[in-house]
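Got chain A sorted already, so can you dock chain B onto it with the hints?
Take a look at the letters that make up each chain.
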Amino acid sequence: MLRFLITVIRRDLLLAARRKGDWLTSQFFFVMVVSMFPLGIGPEPEMLRRIAPGVVWVAALLASLLSLSRLFADDHRDGSLEQMLLSPEPPVLLALGKALAHWLIYGVPLLVIAPVLGLQFGLQADVIGVLMLSLLIGTPVLSLLGSVGAALTLGLRGGGVLLTLLILPLYVPALIFGAGAVDATLAGLGPEANLSLLAAFAMLTLMVAPWVTAAALRISIE
Amino acid sequence: MSEISHLAVRELACARGERTLFSGMNFQLRLGQLLLVQGGNGRGKTSLLRLLCGLAQPLEGEVHWRGQEIGGVREEYHREMAYIGHVNGIKDDLTPLENLRLSAALAGRHLDERTAEQSLIRLGLERCLDLPARVLSFGQRRRVTLAGLMTAGAVLWILDEPLTGLDVHGVALMEGLLRDHVTGGGMVVMTTHQPLSLEGVATVPLQVGPVLQPQED
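Chains as they are written, first to last, in the working numbering: chain A, 95 to 316; chain B, 36 to 252.
Extracted from the complex, chain A is given alone in its bound form (with noise of 0.2 Å):
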């Protein structure tokens, strides 16, 4: 069973590693998307401080939607993902494999850039480590949350918009507890609260999201 999770990890990396552009593609979107802020709102040190948190936040959850509509639908449309739902190991492992994947490509490298940016706004070592932390807490929710309604939208004509507004508001506690921690730092409080809860959210969401991603997949492939 491990055997098969691993192969399904290595499996995408390979694919990912073939593809390098679209792997750059979500990495630019994010640098871009934080970029701007600071240029459409002007250049005050305390207002970028205050509004950093939110828009690394926010611009994470943007980047993970705009590699989320690919997760399956490469694989639906050359018949690879049938081929995987026929392996004797359960879907569900499938479904947790594609899922880790997705963060280890998508999620792992804004851990990276995330601290370039943070100076980028003027953020403290110690409130950069909390954005990091939270990051490392809050993407693999992301990808799991994600990856469910990935696989709810196999298939349909206008997915990838259909996805947005289905995973956008799910995708809120994790903003507000991870966007929150980072907050709480920088108001001089502690960010355990934010980041417990925000831990707390991600292993709920390691129960449950793989178990709807394989029903969603059955679903959508018949």
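No wet-lab data here; the hints were simulated from the structure.
Each residue gets a CB set at the ideal place from its N, CA and C atoms; glycine is no exception.
Incorrect hints may have been included.
If you only want the chain B side, here are some residues facing chain A, beta carbon under 8 Å, derived [said to hold, decoys possible]:
| # | residue |
| --- | --- |
| 1 | C88 |
| 2 | A91 |
| 3 | G106 |
| 4 | E110 |
| 5 | H113 |
| 6 | Y118 |
| 7 | G120 |
| 8 | V122 |
| 9 | N123 |
| 10 | G124 |
| 11 | K126 |
| 12 | D127 |
| 13 | D128 |
| 14 | L137 |
| 15 | S138 |
| 16 | L146 |
Only chain B this time, still in chain A's reference frame:
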């Protein structure tokens, strides 16, 4: 042993949207038999095949494998069954060799490079082993899929139009593969619109929808 029907279908019904495609379908298939599903376009051949492999759920009726409902023996059934649909199920960014080994790994089998290479060579792909599947022609990709079928080691092959895109040599090769598999004790359920010479193969015809008559002018 061969008297036991391995694949049995009872009172199967299938609907697409509002329309019932077929109902009350019954058949049995034993080891060493090939079921040739016939019928016009849109009569439900593909739907039947997808019901048989468990990708779709029937409206009514049951599919049994070795005497048990396939939903209950999913793991064993999927281990012993190989399905080829309209799309090939190979990744464009990987080479044929990588594709074969990846499919095997996902199905929980180990496939060493030599065996994979030999099966690809047998299907006439010796010059494409290291090329990404993206640059291969439609027929060549079909051959990669068939090489995967060969190495899958499945008892039951469910093939939806396997001859699409194959040239004359490809069709002859496929006939050979089918004959080897069925006479070697395997089972095949397939659809095709192309003539296929299957002498010496125990073929069971199955008609879905009315028999097609050639139109007279």
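So, going through the hints one by one against the coordinates:
1. C88: OK, holds: C88 (chain B) within 8 Å of chain A, min 6 Å.
2. A91: Nearest chain A Cβ about 5 Å off; hint holds.
3. G106: 11 Å, violated
4. E110: Interface hint status for E110 (chain B): holds (5 Å vs cutoff 8 Å).
5. H113: For H113 (chain B), the interface hint holds, since the closest Cβ of chain A sits about 4 Å away, which is under 8 Å.
6. Y118: OK, holds: Y118 (chain B) within 8 Å of chain A, min 6 Å.
7. G120: With a minimum Cβ separation of about 6 Å from chain A (threshold 8 Å), the hint on G120 (chain B) holds.
8. V122: Hint holds; V122 (chain B) Cβ to chain A Cβ min 3 Å, cut 8 Å.
9. N123: 6 Å, holds
10. G124: 4 Å, holds
11. K126: 6 Å, holds
12. D127: 7 Å, holds
13. D128: 4 Å, holds
14. L137: It holds, given that the least Cβ distance between L137 (chain B) and chain A is near 6 Å, below 8 Å.
15. S138: OK, holds: S138 (chain B) within 8 Å of chain A, min 6 Å.
16. L146: 12 Å, violated
When held up to the earlier numbered hints, the structure conflicts with 3 and 16 and fits the remainder.
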